[in-house]
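J.: Read off the chains here:
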Amino acid sequence: MRNGAQPVLEVTNLKTIFRTRGGEVHAVNSVSFDLKPGELLGVVGESGSGKSVTMMSLIGLLPSPPAEVREGRVMFDGLDLLKCTPAQLRAVRGPGVGFIFQDPMTSLNPVFTVGYQLREPLMKHMGMTKPQAQVRAQELLELVGIPDAGRRLKDFPHQFSGGMRQRVMIAIALACDPKVLIADEPTTALDVTIQAQILELVKDLRQKLGMAIVWITHDLGVIAGIADRIMVMYGGQIVEHGTVKEVFAKPRHPYTRALLQTVPSVRGERAEKLNVIEGQPPILRAAPTACPFRDRCSLRFAACDAANPARYEVGPGHDAACFWDFETNAPRREVTEKADV
Amino acid sequence: MFDGGKRPLVEVEGLKMYFPITAGLFRAKVGDVKAVDDVTFTIFEGETLGLVGESGCGKSTCGRAVLRLYEPTAGSVLIDGEDVLAAPPGELRALRPKMQMVFQDPQASLNPRMTVAGIIGEPLDEHTTLNRAQKLARIYELMDKVGLNRDFANRYPHEFSGGQRQRIGIARALALNPRFIVCDEPIAALDVSIQAQVVNLLEELQDSLGLTYLFISHDLSMVRHIADRVAVMYLGRIVELASRDALYEAPLHPYTQALLSAVPEPDPNAEKTRQRIILKGDVPSPANPPEGCNFCTRCPKVMDLCRKVEPEYREVAPGHFTACHLHNQTAG
Numbered sequence: 000m001r002n003g004a005q006p007v008l009e010v011t012n013l014k015t016i017f018r019t020r021g022g023e024v025h026a027v028n029s030v031s032f033d034l035k036p037g038e039l040l041g042v043v044g045e046s047g048s049g050k051s052v053t054m055m056s057l058i059g060l061l062p063s064p065p066a067e068v069r070e071g072r073v074m075f076d077g078l079d080l081l082k083c084t085p086a087q088l089r090a091v092r093g094p095g096v097g098f099i100f101q102d103p104m105t106s107l108n109p110v111f112t113v114g115y116q117l118r119e120p121l122m123k124h125m126g127m128t129k130p131q132a133q134v135r136a137q138e139l140l141e142l143v144g145i146p147d148a149g150r151r152l153k154d155f156p157h158q159f160s161g162g163m164r165q166r167v168m169i170a171i172a173l174a175c176d177p178k179v180l181i182a183d184e185p186t187t188a189l190d191v192t193i194q195a196q197i198l199e200l201v202k203d204l205r206q207k208l209g210m211a212i213v214w215i216t217h218d219l220g221v222i223a224g225i226a227d228r229i230m231v232m233y234g235g236q237i238v239e240h241g242t243v244k245e246v247f248a249k250p251r252h253p254y255t256r257a258l259l260q261t262v263p264s265v266r267g268e269r270a271e272k273l274n275v276i277e278g279q280p281p282i283l284r285a286a287p288t289a290c291p292f293r294d295r296c297s298l299r300f301a302a303c304d305a306a307n308p309a310r311y312e313v314g315p316g317h318d319a320a321c322f323w324d325f326e327t328n329a330p331r332r333e334v335t336e337k338a339d340v
Numbered sequence: 000m001f002d003g004g005k006r007p008l009v010e011v012e013g014l015k016m017y018f019p020i021t022a023g024l025f026r027a028k029v030g031d032v033k034a035v036d037d038v039t040f041t042i043f044e045g046e047t048l049g050l051v052g053e054s055g056c057g058k059s060t061c062g063r064a065v066l067r068l069y070e071p072t073a074g075s076v077l078i079d080g081e082d083v084l085a086a087p088p089g090e091l092r093a094l095r096p097k098m099q100m101v102f103q104d105p106q107a108s109l110n111p112r113m114t115v116a117g118i119i120g121e122p123l124d125e126h127t128t129l130n131r132a133q134k135l136a137r138i139y140e141l142m143d144k145v146g147l148n149r150d151f152a153n154r155y156p157h158e159f160s161g162g163q164r165q166r167i168g169i170a171r172a173l174a175l176n177p178r179f180i181v182c183d184e185p186i187a188a189l190d191v192s193i194q195a196q197v198v199n200l201l202e203e204l205q206d207s208l209g210l211t212y213l214f215i216s217h218d219l220s221m222v223r224h225i226a227d228r229v230a231v232m233y234l235g236r237i238v239e240l241a242s243r244d245a246l247y248e249a250p251l252h253p254y255t256q257a258l259l260s261a262v263p264e265p266d267p268n269a270e271k272t273r274q275r276i277i278l279k280g281d282v283p284s285p286a287n288p289p290e291g292c293n294f295c296t297r298c299p300k301v302m303d304l305c306r307k308v309e310p311e312y313r314e315v316a317p318g319h320f321t322a323c324h325l326h327n328q329t330a331g
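Protein chains in written order, with numbering that gives the first Met the number 0: chain A, 0 to 340; chain B, 0 to 331.
Hints were generated in silico from the structure; no laboratory data involved.
Incorrect hints may have been included.
[Stated by the list, open to error] Dumping the calculated DSS-like pairs for lysine-lysine here, alpha-carbon to alpha-carbon at most 30 Å: (1) A:207 / B:279; (2) B:144 / B:134; (3) A:82 / A:129; (4) A:153 / B:279; (5) A:178 / B:144.
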């Protein structure tokens, strides 16, 4: 791990809310994390856990209203992205931070050729002329493994299959050589065999280009294969964070543990009955004052209702937001001491 | 596990579902999309047959054609000894209560203007002569069975979460005491933590009501959990069918092997060392399938023979069927 290096992206205490007719929804609650150069950070959580909203808040991609970034600091390249003007942000998107969206069908423009959509960022951000951009666009398509790239530039998105379209999306995100690439569920809409192709491609590109990647997914299997660190989100906050090895071997939050147990496997032992996380994820009508997982947690005790647990360090570079100490199998010392006072 | 003593409930033979491709002003037929091309399988009473494959391989079409939600091009489907494909409309209607379906997207398959009681009760209106009180009693009974609170009977689908909506869809499918249910990707639209709840419900219902399932899914790990036997489809054909353990532990067809190796495992140590079989390219168009074996364009073990001759779908070990030239010689 690259522990000594300065982080390329540092997020502190990010809070995002949505104003809806039913009142405010607190989608992201005090999220803090950093990203080191060249590392791959996996973000897991179910839908509504705030993983996509967090990442879109960073670079101002959320429509406002209804969204509002209430608090926080996002340091990238000496710049606080939350204080940037729209023009400054536009300059960051592309060469600074690239984004791959989940659904390649809806995020490519159907009325322009793939070549046009690849040239656009190159000419806008990199100051290339059209012929230069054309050459670079072909290189990019070759880089992501699209055969016959020169001819395919003239094709429209609908002429590509799902996997190929996702490769085009990756090529566009890579066009300006970003320092940070944010990939929002890039393989969720794809079949496993195509997903395997894309994962190999990303591993390969990482070695060649050395960018830092944030990979959002709900598939723990994908994270296990490619990530250095993992961040588990639930109810708009980070409930566990650590190196992939640590978190998978010693999960220290009941949600992570349950998640690892509910997923059946294609290899190894087959359980007769699946483990279940009972209940539903919370709806975040107000800023949390208690643990968001408590209603579904089998270890719930008094402290869980009284306060929202902070992220306690549970190992080297490994923290979990839970009052339960899995080492001693008892409530954390911090909690019991506080109760005594 | 299935055994020789079990009675087949669903027998599908030579099922073909072609969709015509038309072109030009007069919409002349210029070809066919062979969505399901000569599929044969049997489902035994009380078992779950998993049907897996990539998107576009024809697994959903196959499930729908078996229930005659499409008019299949050729083939025969016997459910409990009765020919579903040959039945005239009136008789088919009488057969419907026996065979039901749970759809992929609970959002799209429930009428947003009907209450839960209305949705679950609709099949009862159509097929039974229950009076109001009897009907309501049956609706409550069904809601209890699938774990929905009776108090919610007058609510509308949008007031429920995805997992609960899928329970409504399951209750509707159960209303007429079916023998056979086609589950078409019933968990694909649900979150990981909710998927397990719905799968466990389906298993409990199977045990208590003696149901037979055709479980269609692209999630190989979930199919391994729920199915007794598994069929793998590729480009409109079944390439391999075997008992669960045989298929997952010793897959014979190169496509099954590649498919299984592509599933990522939530274990970082295993992932670092594991050898994946990465298939090249995409699935060919079912309008223009390759000559010979369907899989010859992507197969890592392709031989000259595969590009010319279509492999026969045959039983290579007891209960283990595959369509591959690699296993034809050894068996023959």
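J.: All the hints need checking, so say for each whether the structure fits it.
T.: Each hint, compared with the structure:
no. : hint          : in the structure
1   : A:207 / B:279 : holds, 21 Å
2   : B:144 / B:134 : holds, 15 Å
3   : A:82 / A:129  : violated, 33 Å
4   : A:153 / B:279 : holds, 23 Å
5   : A:178 / B:144 : violated, 53 Å
Violated hints, in rising order: 3, 5; the structure is consistent with all others.
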